[in-house]
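Trainee: Keeping their order, the protein sequence lines are chains A and B.
Anchor point for the first sequence: position 6 equals 6 in the working numbering, and the numbering is continuous, going up by one each time.
Anchor point for the second sequence: position 52 equals 52 in the working numbering, and the numbering is continuous, going up by one each time.
Do not take every clue at face value.
Now the stretches of chain B that chain A is said to cover, found in silico as 3 or more residues with beta-carbon under 8 Å [unchecked claim]:
(1) 8-16
(2) 101-107
FRET-style restraints, in silico, Cβ to Cβ [what the hints assert, rightly or not]:
(3) A/Lys15 <-> B/Thr20: 43 to 53 Å
(4) B/Ser80 <-> A/Gly58: 20 to 30 Å
(5) B/Leu79 <-> A/Arg53: 42 to 52 Å
(6) B/Arg110 <-> A/Lys9: 17 to 27 Å
Don't read these hints as lab results, they were simulated from the structure.
Where a beta carbon is used, it is the ideal one built from N, C-alpha and C, also for glycine.
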Amino acid sequence: AQRVTQPEKLLSVFKGAPVELKCNYSYSGSPELFWYVQYSRQRLQLLLRHISRESIKGFTADLNKGETSFHLKKPFAQEEDSAMYYCALSPPGAGSYQLTFGKGTKLSVIP
Amino acid sequence: NAGVTQTPKFQVLKTGQSMTLQCAQDMNHEYMSWYRQDPGMGLRLIHYSVGAGITDQGEVPNGYNVSRSTTEDFPLRLLSAAPSQTSVYFCASSDQTAGTDTQYFGPGTRLTVL
Numbered sequence: 001a002q003r004v005t006q007p008e009k010l011l012s013v014f015k016g017a018p019v020e021l022k023c024n025y026s027y028s029g030s031p032e033l034f035w036y037v038q039y040s041r042q043r044l045q046l047l048l049r050h051i052s053r054e055s056i057k058g059f060t061a062d063l064n065k066g067e068t069s070f071h072l073k074k075p076f077a078q079e080e081d082s083a084m085y086y087c088a089l090s091p092p093g094a095g096s097y098q099l100t101f102g103k104g105t106k107l108s109v110i111p
Numbered sequence: 001n002a003g004v005t006q007t008p009k010f011q012v013l014k015t016g017q018s019m020t021l022q023c024a025q026d027m028n029h030e031y032m033s034w035y036r037q038d039p040g041m042g043l044r045l046i047h048y049s050v051g052a053g054i055t056d057q058g059e060v061p062n063g064y065n066v067s068r069s070t071t072e073d074f075p076l077r078l079l080s081a082a083p084s085q086t087s088v089y090f091c092a093s094s095d096q097t098a099g100t101d102t103q104y105f106g107p108g109t110r111l112t113v114l
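Please build the complete structure, drawing on both the sequences and the hints.
Mentor: Have a look at this one:
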């Protein structure tokens, strides 16, 4: 069965400190991987997907197939990064309409 | 563009009642999905659709029905509500043309079943 695990419910960092949000997945094959973010009082929105290899708002995520991880990183946290972050996967070729989500990590950036 | 809209925003039902959660999108997206989110849980896929007339089950389909008669609308029906269906429901749409695949979420419907 496919599964996404985000081991931290809450992560607090100081402004300017590096951020790493962990995501591990279980899937027999090569899934597509995503990070979604939900800011306070806003809708859930796509932050990035591994296939596009983009850097969005200074965040990057590296897919490690050996460790089945897709950790989200940012070198210097900003207060506006405070939000709920969800890692998700979909079967290869299925796209984003068939997602399995992790339980989410709440990032709090302390001024 | 309004994007993805959901109605109602809030709803309280009694056990055994039926209702339909509405979802509409004005982006001409092929794909639409319904998720539920419970406290401390991530979103879980209920049903999805890859086009008008085509629907399929997700991870937690029991107790829910869907149909997709038009590209724009994807209603979610609860035939006999149960307290276990108390949750926040999110609808989403996406399109995979032109090499993009961004899923747009609605604002959610908070449902309480007493």
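Trainee: Next step is simple, just say for each hint if it's right about the structure.
Mentor: Evaluation of the provided hints:
Against chain A, the stretch 8-16 of chain B contributes 0 residues with a C-beta closer than 8 Å to a partner C-beta. That does not satisfy the three-residue criterion, and the hint is violated. Judged by the Cβ-Cβ criterion of 8 Å, the stretch 101-107 of chain B is covered by chain A as claimed, because 7 of its residues qualify and three suffice. The hint said 43 to 53 Å for the Cβ distance between A/Lys15 and B/Thr20, and at roughly 45 Å that hint holds. The hinted window of 20 to 30 Å between B/Ser80 and A/Gly58 is violated, with their beta carbons roughly 48 Å apart.
For the pair B/Leu79 and A/Arg53, the beta carbons lie near 44 Å from each other, so the given range of 42 to 52 Å is met. Hint check: B/Arg110 to A/Lys9, Cβ distance near 21 Å, so the stated range 17 to 27 Å holds.
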